[in-house]
Every structure is written in structure tokens, then in C-alpha cells.
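Student: Here's the letter readout for the chains.
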Amino acid sequence: MPDILRGSRRQILKSGASALALTALGAPMINRAALGQSSFDWKRYTGTKLDVLLVKNPRSDLLQAHEKEFTALTGIEVSSEQVPEQQQRQKAMIEFTSGKPTFDVSMLALHVQKRLSKKGNWLEDLRPMIADASQTNPEFDFTDFNTAGLNYATQADGSLTTLPHFVDYWMVYYNKELFEQKGVAYPKTMDELVAAAQKLNDPAKGTYGFVSRGLKNANIPVWTSWLLGQGQETVTADGKLLTETPETVWAAEMYARLNKEFAPPGTIGFNWNECQTTFAQGRAAMWLDGIGFATPLEDPTKSKIVGKVGYGITPAGPKGYHSATFADGLGISRTSTKKGAAWYYAQFMANKKNQLAMMKAGAGAPGRTSALTNPEAKVGSKFGEQYFECLAGSAKIGRPGLPVIIPVTEFRDTFGVALTNLLSGGNAKAELAKATEAFKPILEKSEQG
Amino acid sequence: MTNTAARLPAPQVAKRPTTKDYTFSRHYWAFSLPGTLLIGAVIVFPWAFTLWMSLHDWKVGGDHAFVGFANYVRLASDTRFLESVGRTFWFTLLAVIIPIVLGIWAAMMFHRNFPFRGTLRTIFVMPMMATPVAVALVWTMMFHPQLGVLNYLLSLVGIPPQLWVYHPNTVIPTLVMVEVWHWTPLVMLIVLGGLAALPTDPYDSALIDGASGWQMFRFITWPLILPYVMIALVIRTIDSLKVFDTIAVISQGGPGTASETLNYFLYLQAFQFYNIGYASAVVVIFFIIIIALSLLLLYLRQRSKWM
Chain A
1 MPDILRGSRR QILKSGASAL ALTALGAPMI NRAALGQSSF DWKRYTGTKL
51 DVLLVKNPRS DLLQAHEKEF TALTGIEVSS EQVPEQQQRQ KAMIEFTSGK
101 PTFDVSMLAL HVQKRLSKKG NWLEDLRPMI ADASQTNPEF DFTDFNTAGL
151 NYATQADGSL TTLPHFVDYW MVYYNKELFE QKGVAYPKTM DELVAAAQKL
201 NDPAKGTYGF VSRGLKNANI PVWTSWLLGQ GQETVTADGK LLTETPETVW
251 AAEMYARLNK EFAPPGTIGF NWNECQTTFA QGRAAMWLDG IGFATPLEDP
301 TKSKIVGKVG YGITPAGPKG YHSATFADGL GISRTSTKKG AAWYYAQFMA
351 NKKNQLAMMK AGAGAPGRTS ALTNPEAKVG SKFGEQYFEC LAGSAKIGRP
401 GLPVIIPVTE FRDTFGVALT NLLSGGNAKA ELAKATEAFK PILEKSEQG
Chain B
1 MTNTAARLPA PQVAKRPTTK DYTFSRHYWA FSLPGTLLIG AVIVFPWAFT
51 LWMSLHDWKV GGDHAFVGFA NYVRLASDTR FLESVGRTFW FTLLAVIIPI
101 VLGIWAAMMF HRNFPFRGTL RTIFVMPMMA TPVAVALVWT MMFHPQLGVL
151 NYLLSLVGIP PQLWVYHPNT VIPTLVMVEV WHWTPLVMLI VLGGLAALPT
201 DPYDSALIDG ASGWQMFRFI TWPLILPYVM IALVIRTIDS LKVFDTIAVI
251 SQGGPGTASE TLNYFLYLQA FQFYNIGYAS AVVVIFFIII IALSLLLLYL
301 RQRSKWM
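If you read the sequences in order, they're chains A and B.
Residue numbering for the first sequence follows the numbering used here, beginning at 1 and increasing consecutively.
Residue numbering for the second sequence follows the numbering used here, beginning at 1 and increasing consecutively.
Treat the hints as calculated values from the structure; they're not laboratory data.
Treat the hints with care, as some may be off.
What the hints assert, rightly or not - Derived DSS-like pairs: lysine-lysine, alpha-carbon spacing no greater than 27 Å straight-line: (1) B:K242 x A:K100; (2) A:K319 x A:K308; (3) A:K240 x A:K118; (4) A:K68 x A:K440; (5) A:K240 x B:K59; (6) A:K91 x A:K188; (7) B:K59 x A:K440; (8) A:K119 x B:K59; (9) B:K59 x A:K91.
With the sequences and hints as input, model every part of the structure.
Tutor: So this is what it looks like as C-alpha cells:
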């Protein structure tokens, strides 16, 4: 007979009462944890139909895959379309400018459209909705979004116009095998990185110390990554160009030296895809680029270095230790008549579960810290522990890789040409001065009117 | 007979109708209305609007102000624009002349009878059937300096690796190479059509007179196929001037601005920088260039008919 049944009737009654009391007190907590979403009125906007504009990429595939679940939960119908990146930016620009966009929610590239969207007053400030308990699911946990993403999503006036659901961090991919063969350790500083590139460079064997983008426009984040090592960005918060300082010249010279002396011939025309192919075929010891390009490196059908890829945080520079970041956000059209339903969509798509799903699918780095650090993401992942450490580490030191200005594309074009000229023998100081002179009126004009 | 003729009524000369003989109804004009509206909507209005925009400082998302001919004045001193014009002409010259020469040569070859002629001719025209973007993507992979198949093939015959589109000096000739591969079959087909229509008598006479192969080509074939060559020339010139997809996919105007042609410059201004007013001025200049060249070539084609 169980001990409990051996006691007196008084003892049995006491035990029963205690169990009942515990159940009564603990039930709401258990319920809230297990059924948290049910305590929130998800059905408030049942019957609403939302139009969503997305960029064509694996993350949008996931968002579309979650639509069925969202509709079942909320009764809100979603009509979303994926448009290739360049065309999506043009479509968003033209439709927002018209004042009557055909979509309620849009995916925005914050590294390109942040300032533009603010000046054009495209998007709704999300802060009041986040603060409204009747509009935001208690499980949403806004504080879970990491600093790098929130820095991007927050405008100069403090308004939050997008939810940063994806943040890309620039880091260094390295070939562990080549490093071991030459007895080189992963560099901790940028100076060490140059020295490592020199040691690992072996053109006679068809391997090179370093590879990065050289093609104009695409090459800007390489330069700004080095510049962040000087603790500096290219434009100040109040819109002044810092492109002729000794630090920017230093970064440009570092860019030129690595690409000219330790990179494969032809990097002047390399975009990320050529760099990726070169690295994946074991022809380069290091590759500086976004961590979002990692997946094919661990795919045996596309890579010769599966299992040999090291993921290193961008080394510290003389005055700073940062990872250049780029981010995408989900924003709600200011003129939408369905803002409530649109906010339901945004908070659902960027909730913890879906952000973790993005991480597990290898579709890029989510904006939530919990998704980056959740052990569940590592289960069955093709990436090793180092990949996750690199992600989490980079998130802590993330800083925008492009200036928050309206003419970002012209900035990339003008300074991209200047950097390309360095690879053809140009002088860093002179080229940056020329580019600054050309770009200054464009920047000034962009803020007028 | 004279009497008979005298009895016949005098032949009546048909009177040419004048406008007074017709009864015009106002309703007739309604029949031309759909066509007029269509032309107005798809040709006249866009052009008038482009001209109007070119006279404005206009940026998408910003205000626009009338600036007269300021955009045109700016173009005249814009080094990047002027360089793109020069580059466009250089690219066009190469991308027209080389396919024309090779196309004529190929047509002469395929005009002869030899085993598997049909099969080989089909294979020869296959590049023309491929989509330019798909072609460009494949060539991009082949141009990779370290991993591309072209440098591998060169290494087999002891030629050092080339940088192809990854060097400012070689990017234009390399892009021309893609154009030549893609469009020489078109020239060949046009000229082959001309050769098939040639009479055989002049050749028989020339053979009797002891003319050499070169003489027959120079004095019989060439004058007779010249109108066809001019057609190919006009098509190739217009196509080469407005080439965009190949450059956009393979080199994106780079390295630096080394392959930035007028059309790519226009794309950047309009769809990357959103300078609609300035881009419209480029369109107008580009249109004038194309019209001038087309008129010149059409004039030459008319002349070639009478040679």
C-alpha cells in the first residue's frame, strides 16, 4: 500500500488540500506559459485581408510557409508576393512615393532604405502598438531583439519603423586546413589578418591568402568593415561626410593591399558569388563577407571544403571592434487602413518560434537573441558550434556597414569606383578626395526639400 | 474600215475624280480614332512626357522643378556620360563588324554542298536561340579567372590564364566575344537567304570567262548580297547600341566603369539613382544617336540597291 494511504484521515485530507491549493495557484502560470498565445485576442481582425510585399529570398519562403498557421490563428487572410531584390526596392520606392501603396506590409532593406523611408514618411511607428497590451501578444518579448538589429530599425527621432527580423553580419570565413598546414592561428586584430594573408598566400599552388569583393558598389562593405576597425563610419549621425579622414584612407589602403597582394587575380571584378566560388573550391584562405552566404560552403555538391570552414568574428582594428551589419525589417505602410491586422502579421512572423525556424533552416541570421542562442537551433544543423558563436559574438558588436543616408546607392557607386581605381594603381587619398567632391553635392541635395 | 471606225463612238476618257465627287461624312473620321488614340498613347505621349521630364530636375520621391536645358548642359560636361558614349561606339563597332565578317564567311561556307551541312547549320544557329540572360550567366562562370573553363582550355595549349571581364582593358573585347558568339548566326541566316536567291547565270558566264573564285565573289556575289548585308548591319547596329542584359549580368558596367555603356549609364541614373529628369535627357540623346545612325544605314542600304 502506498505510504500516503497509510496515514491518518487528517493527514490524507491535508495532503489533498495542499495539492489542490498548489494546482489553483500554479495553473495560471502553467497555462500562460503553455497557452500564452490563447490569452491574447488573436481573432480581433478576423476577416481582414492583408497585402504583403516581400523580397525574393529563403526568408520570404519561410514567411509564406507560416501564412497558413497565421490565418488559422487570426482569421486574417494574407496575399503576399515575392519580388527580386532590386525590383522590390524600385516597386516599394514608386508605390510609397505615390502615397497609395498597394501593400499593407513591406519588407525593407534597412541598409538602403532606412533614411529614405523616414524622409518619405512611408511607415508607421511601431512603438505605440508594441506598448499597447491589447495589440501585442504578451509572449512577443520585444527586448529579445538584439542591439545590432534595433540600431538599424530605430530612426534618428527614436521611432521604430520596422521590426528587424533579419540581420546579416560581416565576418571572416577561413579555411582551417590551410591555416593548420601553415601553422597560422586565426587573427585577433586586423594587422594580424594582413600578416596571416601574407603567410597563407601561395599563388604557385593556386591558393591565395585572402579574397573579397572588388566590383564597384559591392566592394563598399569591405572598406567599411576595415573602417569600423578605426571606430569610424563614413557619414556622421548629422549627415557629414567622413570620407577623407586619415582613418578612411587607412581603411582604403588596407582594402587595396589585401586585394592587390594576397587575392587572386581579377578580384577587381569579383562580387560575392565569385568570392564564394573561389573560397568554396579551396583557393582562398580567408574570405570577408556576410554570414548569410555560409550555407553552400557546407554543401558537398557545391563545396570542396565541407567541414573545414572556420567562422571568425571580424578582427579588431586599431581603435574599434565591430562587425559591419546589414538588416531587413518588416514595416507597416503609414497609409494602410489595416494597421492593426498588419501589426498582427509582423509580430507573428517575427515571433520567437518563427525566428528560430529561420535559424534552423539556415535562411540567415534572425534578429532575436533567443534564436541565436537557442540550443535547439544547433540540433541537426550542418554548421558547427563555431558558426553559432560567430553569430552571437558578431551580434554583440554589430554596427551599420553602410551610411544611413538617402542616396546610399550613389554613395556605393561613387566610392565603389574610387576603391576600384585603387586596384588599378590609384592613390587612396586622391581617389577618396575626388569621390568626396563628387558625392558631397548629391548628399546635400538629398536632404533638401 | 475607216467607215467602221467612224461609226464607233469616241472613246471616253475616264474623268479623274476630285474631292468634290466624294461625299464625306464626319462619321468616317471615327474609324481612324482607335489607331490615332493608340499611337498617341503608346508613342506620342511617352515621348512628349520624356521630353518634358528631361527639362526638369526630377528625382523620384522628391520635388521637381523646371530647369530648361540644364540637364543637357550637365551631360555635355559629365565625364562619365561622355566616356560611356565613346565606349558604346567602340563596343558597337566591334560587335557589328566582327559578326558581319564572320556571318558572311559562314554563309558562304554553308551555301556549298558538303556532308552533314544541314546538321552543322542547325548547330551553328543554336546560340541565337538562347536567352541573352541565360547565355550571360553561363559565360560568367566560364570567365572566372581561376575556376573558369576558358582558362583551363587555354592552359591545355600553353597559353597563360586571362582575366577576361575581370580587367578594365579586356572587358569590352570579352563582352564583344559573347555578342559575336551569340549573333553571328543571325547574320549568317540573313546572308544565306540572300545567297539562296542569287541567279546562277552570272556564275556560269564568269566560269566560261575564266574568272577566279575571288573575282566571282568580288564582282558577282558581293554586289548581289549587299542589300542583305545592309539589313544585317542595321539590325546588328541597333541591337549593339542598346545592349544591356549581357553587360548587366556579366560585368555590371565594371570593373570600375570600364564596360559602362550608354544604356547601362541610363539604367543607373533612372533605376538605381532615380534621377528621372537627368535620365530622360540621356534617353533623348540616345534616341537621337540611334535615329541618326539608323537613317545613315538606311540611306546606305537604299544606295546599295542601285550598285
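Student: Hint by hint, note whether the structure agrees.
Tutor: To see whether the hints hold, each was checked on the structure:
1. B:K242 x A:K100: Cα-Cα ~34 Å, so violated.
2. A:K319 x A:K308: 31 Å, violated
3. A:K240 x A:K118: Satisfied, since the Cα-Cα distance of roughly 18 Å is no more than 27 Å.
4. A:K68 x A:K440: Violated - the C-alpha atoms of A:K440 and A:K68 are around 48 Å apart, more than 27 Å.
5. A:K240 x B:K59: 22 Å, holds
6. A:K91 x A:K188: 43 Å, violated
7. B:K59 x A:K440: Judged against 27 Å, a Cα distance of about 17 Å means the pair holds.
8. A:K119 x B:K59: 14 Å, holds
9. B:K59 x A:K91: Roughly 15 Å between the alpha carbons, so the hint for B:K59 and A:K91 holds.
The earlier numbered hints that this structure contradicts are 1, 2, 4, 6.
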